[in-house]
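Throughout the sequence shown, residue numbering follows this note's numbering, covering 1 to 262 in sequence.
It cannot be assumed that every hint is accurate.
Subject to a maximum C-alpha distance of 27 Å in a straight line, what follows is the list of computed DSSO-like cross-link-like pairs (lysine-lysine) [to be verified]: (1) 229 with 240; (2) 234 with 131; (3) 131 with 69; (4) 24 with 85; (5) 61 with 85; (6) 24 with 61; (7) 35 with 234; (8) 198 with 229; (9) 85 with 131; (10) 26 with 151; (11) 69 with 84; (12) 35 with 250; (13) 234 with 198; (14) 85 with 35.
Treat the hints as calculated values from the structure; they're not laboratory data.
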Amino acid sequence: MLTPAIGDVSSAAQNDKNSLYIQKYKNIAIEQMVKSGIPASITLAQACLESGFGTSSLATKGNNHFGIKCHDFQGETMYIDDEKKGECFRVYDNAEASFNDHTDFLRYRDRYASLFDLEPTDYKAWAYGLKAAGYATAPNYAVMLIDLIEKYDLHQYDNFVEASAIPNPPNKAKMSENVKLLPGSPMYKISLEREILKKNNVLYIEANGYETFASIAAEFNLFTRELLKFNDEKRNRDLKAGEIVYLEAKKHQADKHLDKHV
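Generate coordinates for the entire structure from the input sequences, incorporating the hints supplied.
Dropping the structure here:
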């Protein structure tokens, strides 16, 4: 029986540790994909790369697994030397909060908006898109993400979403049934220009014949992918006059009658 070289043992042990990190956070990454459309493989690869598989001081001391800097963050912070000396980074109560903030960081910043028009299973396009949007300064950032995804087979988790029982994501157009439209709110201004209806407790509009899903998504401050999902559509297309366009996720157990004007 051959005795493995010390380097081989060390490498295998490191791979085991890396795999344990992935197994620990894969479900959170899948949840974030359902919530936002960000590929689970991309979330995991970024976490692995940015945190050194959870071993960086940011991850161990600040639960920051994505290297997100302070910017306009209102919570606890810590300072470490990065590209510059003494840079400010966000601190979280736990790792899950870091994953949640990473999702929101990408979803609600304009420079990443174009990513959400990509297929959620196209991890290569997402990797290059993140680099192009300026997430990291490393010139080979996209390649590093892709290498991690393929080495650890992270793209398998992008296919877990269909079978997931995790609820649909919240969306920015949703309003409580008891909330009145207030003058000055974005939805109120839109309702002055076009009729917003409610059917089965779900908000919708009727297309005017000169619109697409993308144009309506922009009008209501939604991502195109969100709007397509609400309407069980795969791709952006021209809409016919009078065609119903839902502005939020449809309820599966609802009264199928009575339209209400909002």
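Cross-check of the supplied hints:
no., hint, in the structure
1, 229 with 240, "18 Å, holds"
2, 234 with 131, "26 Å, holds"
3, 131 with 69, "16 Å, holds"
4, 24 with 85, "32 Å, violated"
5, 61 with 85, "18 Å, holds"
6, 24 with 61, "18 Å, holds"
7, 35 with 234, "17 Å, holds"
8, 198 with 229, "18 Å, holds"
9, 85 with 131, "23 Å, holds"
10, 26 with 151, "15 Å, holds"
11, 69 with 84, "12 Å, holds"
12, 35 with 250, "15 Å, holds"
13, 234 with 198, "23 Å, holds"
14, 85 with 35, "35 Å, violated"
Comparing the model with each earlier hint shows violations of hints 4 and 14; every other hint is respected.
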